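**Student:** Residues per chain, in single letters:
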Amino acid sequence: MKEGFRQSMAWLHTWSGLVVGWILFAVFVTGTLSYFRPEISQWMRPELRDMQPHPQAAASAIAALQQRAPDSPRWFIRLPDAREPIVRVTWRDPNATGPRRFQNAVLDPATGAEVKARDTRGGDFFYRFHFELSMKPIWGRWVVGCCAMFMLIAIVTGVITHKKIFKDFFTFRPKKGQRSWLDAHNVVGVLALPYHVMITYSGLVTLMFMYMPWGVQANYGQNRAAFFDQALGVSAETPLANRPGALTNIEPLLLTAQRHWDGANPSLITVHNPADANSRIEMRRDNSDRLAHSSQSVVFAGTTGELLAAAGEPMPATRTRDVVYGLHMANFSSSPLRWLFALSGLAGILMIASGLVLWSVKRAPERVKLGRVPFGQRLVEVLNIGVIAGLPITIAVFFHANRLLPIGLAERPTWEVRAFFAAWLLSFVVPLIRPAKAAWKAQFLAAATLFGALPVVNALTTDAHLGVTLASRNWVYAGFDLTCLGIAALLGLIAWHASRTSATQRKPARNKAETPANLPAEAERA
Amino acid sequence: MSLFPFALTYTGWVALCLSLSRHAREILQREPSPLERHLLRAAGWLALTASLLLTAARTGWPLGTVEWFGMLTATAVSFVLLLSFYPRLAAGLGLGLPVCAAVVSLV
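As you go down the protein sequences, you meet chains A and B in turn.
Numbering-wise (the UniProt record's numbering), the first sequence opens with residue 1 and increments by one.
Numbering-wise (the UniProt record's numbering), the second sequence opens with residue 1 and increments by one.
In isolation and in its complexed conformation, chain B is listed as follows (with noise of 0.2 Å):
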């Protein structure tokens, strides 16, 4: 299992999260354009849908399958808590994780 796809999970689960005017409104402090909010919302699934290939090449379709769906289920668990008592915090390690998770993975 490698940090880079599975920051990614939680990056798509922001990115999904913003493209929903309540969550929108209470991170951002305003209402997102329809425009916007589509584009949050591909984006959302884009990042998914590249965590998932990243882990299946990586240890193949059987287990890597199994892998996302339980750094799915941990990233979406602690984003929530997080958003529920640092909204901004929560949004901004949307950005944060993937950058530190591919450092991590370079160095």
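Okay, chain A solo, but in the shape it has when bound (with noise of 0.2 Å):
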């Protein structure tokens, strides 16, 4: 009986793997990266180089939007931080509608004034796409959010699978074929199984209002946004006193919410009808101190500065919701930990992707017996390349466009996308006319030298290389081109790997322990 649980479980395990696999490798490569949005974000605007926060950004921006947009009916303004040390503003067009409704603009924090800087989707592609795939919003939200489910029930099953999950947990055999997938799988997959889970989990969490609607549908009718404001804080639309108004300096009310958070900043400002008498100035708190994600914030009358409202600490659910989707975004660590994070974020692309090949690879005296490639098999291994050696090609494609586009090109932010795509369909294209070994060498050393040229290629095209930001020690921008060669060094061994031995055709476990040190494992697994 026992036995024949572990047998359904790993037979589940097999299966609600494989068939999501693909895309949570895309889910997990793409948050990965979105662990560093705005210091990808910024790397794709090399204008925005030389950037500081600077004190009197709030006011700056205020001075500015009041010269741009005087009628908006709202503005918002994003403050400076030491990741992203740039203002950001975006107003309602009063006289327009449909998407174009919204204005943007990125303003210097020291003098307001507005930096031209190219037209990118930056880091927000991958974020949107970690949970949108690129599809219409709802349907990638739920394409998404059934996969997050399938990986709950992998990891499940993959532990109860596990037999020697202790026994094992510091055994990798390299060299050894099937065995050596299997020890990889499983240990990228056990040691960062803390990390597995609650990302998991929390994944689900972040749209839980959107998958299990029916708590709020229950209390609350079709009146969502009447939850949404008292759950999470979101204020009210407030009424036109029909009478101009001047704001009130903004220096004061800053201090006195960074007094109302224990010394946090401000993310945040939104102004409602800045030009009105009854105008309001909301701060959001800035999160970056703490685990939890809330959206915390302070209510002033725009004129005269009175504190209105001042959201308290949230309850216990609110709080929990807030814990669990503040470790999903992970916005609190320092660069440290954001490295930590990111570190098990590609512990479980491994897992995935070494699971994916484990399929193919344990199949492989199967294909030897036939004498050909059954048809279920090929696709596996044409997706299994086009996928996790194309998708390291198509996002250094992404950044490439990024630098090689005619600045001024219509829709520029739309052709890198339509690059990232291109990039990727042709990397299926390659595994259906070559054999599986060259498919995979050939995509990991394009990957691996598509990676290590974009230092090269922002060199030649911009003034943010490496030979300027490391001389003034500019972080986000040396460290991006020398993550990339980090990466490409990665791609690199892999690509070399992938030369010496293929992964689908090796014969398991063949030559058996060749060093002395070797034998006592051996033994004591016969």
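There could be a bad hint or two in this list.
As the list claims (entries may be wrong) - Coverage of chain A stretches by chain B, computed from C-beta distances (three or more under 8 Å per stretch; other residues unrestricted):
#: 1; stretch: 243 to 257
#: 2; stretch: 340 to 349
#: 3; stretch: 457 to 465
Claimed, not checked - With a straight-line cut-off of 20 Å between C-alpha atoms, the simulated EDC-like cross-links for lysine to aspartate or glutamate are:
#: 4; chain 1: A; residue 1: 167; chain 2: B; residue 2: 31
#: 5; chain 1: A; residue 1: 362; chain 2: A; residue 2: 229
#: 6; chain 1: A; residue 1: 116; chain 2: A; residue 2: 47
#: 7; chain 1: A; residue 1: 164; chain 2: A; residue 2: 183
#: 8; chain 1: A; residue 1: 116; chain 2: A; residue 2: 366
#: 9; chain 1: A; residue 1: 167; chain 2: B; residue 2: 36
Note that these hints are calculated values from the structure, not bench results.
Bear in mind that the values here come from a model prediction, so they are computed numbers and not experimental data.
Glycine included, every Cβ here is placed at the ideal spot set by N, Cα and C.
Take the two lone chains and join them into the complex the hints point to.
**Tutor:** Okay, here's the thing in structure tokens:
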């Protein structure tokens, strides 16, 4: 009976992992990149190289908006921080409708002057792709949520299937074909297990009001906005006084907000009806110093600066959700901790990749016996190569497009995304026309070359290259280039490995223990 | 995040690994006695716990726990990789890393 249970769990693990594995791989890769969303956005706008946060940023942004959009009903001002030292302003154009209603600009924190940077989606592209897959938002979110549920199943069944989870805790036996793939899959799965469970579960929590709307529906009916107002402390609309009014000085309000939050800074300022006597200034707390990702805010009367409302510490249920949400977003982390998250993310990527490859490796004897590759196995092989070895290529191409497309090109951000998907399509052509081993090698080599070339192309096309950024210790830009070189080295290593042994053709564990050190381990296993 | 608790997690893994006879034979070339195995296991858990306490004392329990899990994964993966290619170096670093971390922190 026990054996039967294990076997059925193994079956569930294999198939729940395989069907969604490719999407999960892309979700994990783009999710891991999203830990560096502000840094990627910065790098993709090299014109912003010398920006610095400035204490007067809020005041100068308000002055700039009073010039540019005095009649707008709403301004949003994102204040600069160390990771993204620019002011981003968005305002509603009162005369426009549809998607063009909201206008954006990037401002210099010190002067409030607009900075002309190239138009790009930057790190936001990976962030949105991570949970929407560039599909229609609602569809993408359902697909990713569904895959996340499969991932939870695969994690639980994987732990059950893994017979010697503690005995094999430290075991990785390289150069042994299938054995090595299984070891690798287990090691990255088990050693980063707390992360895998946390990230999958918290990922579902981020969109829980969409996946499980019934609780809200039962209590609020169709009025979801009322629920969010109450639960998340997002303030409601205020009526117009229809008399002109002038905004008060923002500086003392910033200090008041800080006092309310134990010294934490405001990160987002929303000004409602800025030119009206009944204007409101709302500030939202920056969450970079704590786990919880809550939208705590304070509201001031715009003309007098009187404190009208301050959301206190949220109730336990909201707080729980805020912490789980915060764990997923990882905005709290200092940069060493962020790198630890990225490392765990990499473990997740490797776990999914090795699991997918393992499916093929396990069926290698079957292919040898048949003398041909059955359709299903060929399909998995092509998808594996196209996704696992293809996605690194497409990401590098996306960054290259950012540097190489003409600056004045209309719809430039769209062209960057088109380059991304064109490269991905091409990555599926190579495994279709070439044998598996050659295709793995060619794709990884291409990806390594493209990543290695990024700092070079960057140096040829911009002034934000390593020669400048290293000297001025600009770690956002220099870090990006150096990371590209690191990724290139890693991919090169994988390509070299792929050319020596073919993942899918090697027979399992042929040669027993070449070195004396391996003997006892071998004996124990037998 | 400081280096010493980070290094301690590595030491913890090494001690726990040496308490398993298969790995002990590979690294020490001999079977550890039952007493040695108990001591190693205790030392391993002690190192991991000490690391958690030190991290929590520095950044508070909520962030400290998260940092600790991140460090556990990072050192475990690096240790296992090193262990499969250079087992004796991997074990030796269990003593070397905390000493280096302590020296760096003091300097």
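**Student:** All the hints need checking, so say for each whether the structure fits it.
**Tutor:** Hints versus structure:
1. Figure legend: the stretch 243 to 257 of chain A, annotated as covered by chain B; annotation inconsistent (0 residues with Cβ-Cβ distances under 8 Å, at least 3 required).
2. Look at the stretch 340 to 349 of chain A against chain B: 5 of its residues bring a Cβ nearer than 8 Å to a Cβ of that chain, three or more, so the hint holds.
3. With 0 residues having a beta carbon nearer than 8 Å to a beta carbon of chain B, the stretch 457 to 465 of chain A misses the requirement of three or more and the stated coverage is violated.
4. As the CA atoms of residue 167 (chain A) and residue 31 (chain B) are separated by approximately 16 Å, the hinted pair is consistent with the 20 Å bound.
5. At most 20 Å may separate the alpha-carbon atoms for a hinted pair to count; residue 362 (chain A) and residue 229 (chain A) exceed this at roughly 53 Å.
6. A hinted pair counts as satisfied when its Cα atoms are at most 20 Å apart, and residue 116 (chain A) with residue 47 (chain A) qualifies at roughly 7 Å.
7. Proposed proximity of residue 164 (chain A) and residue 183 (chain A) is supported: the alpha carbons are some 11 Å apart, at most 20 Å.
8. Our distance criterion of 20 Å between C-alpha atoms is broken by residue 116 (chain A) and residue 366 (chain A), whose separation comes to about 60 Å.
9. This hinted pair checks out: residue 167 (chain A) and residue 36 (chain B) have alpha carbons roughly 18 Å apart, not beyond 20 Å.
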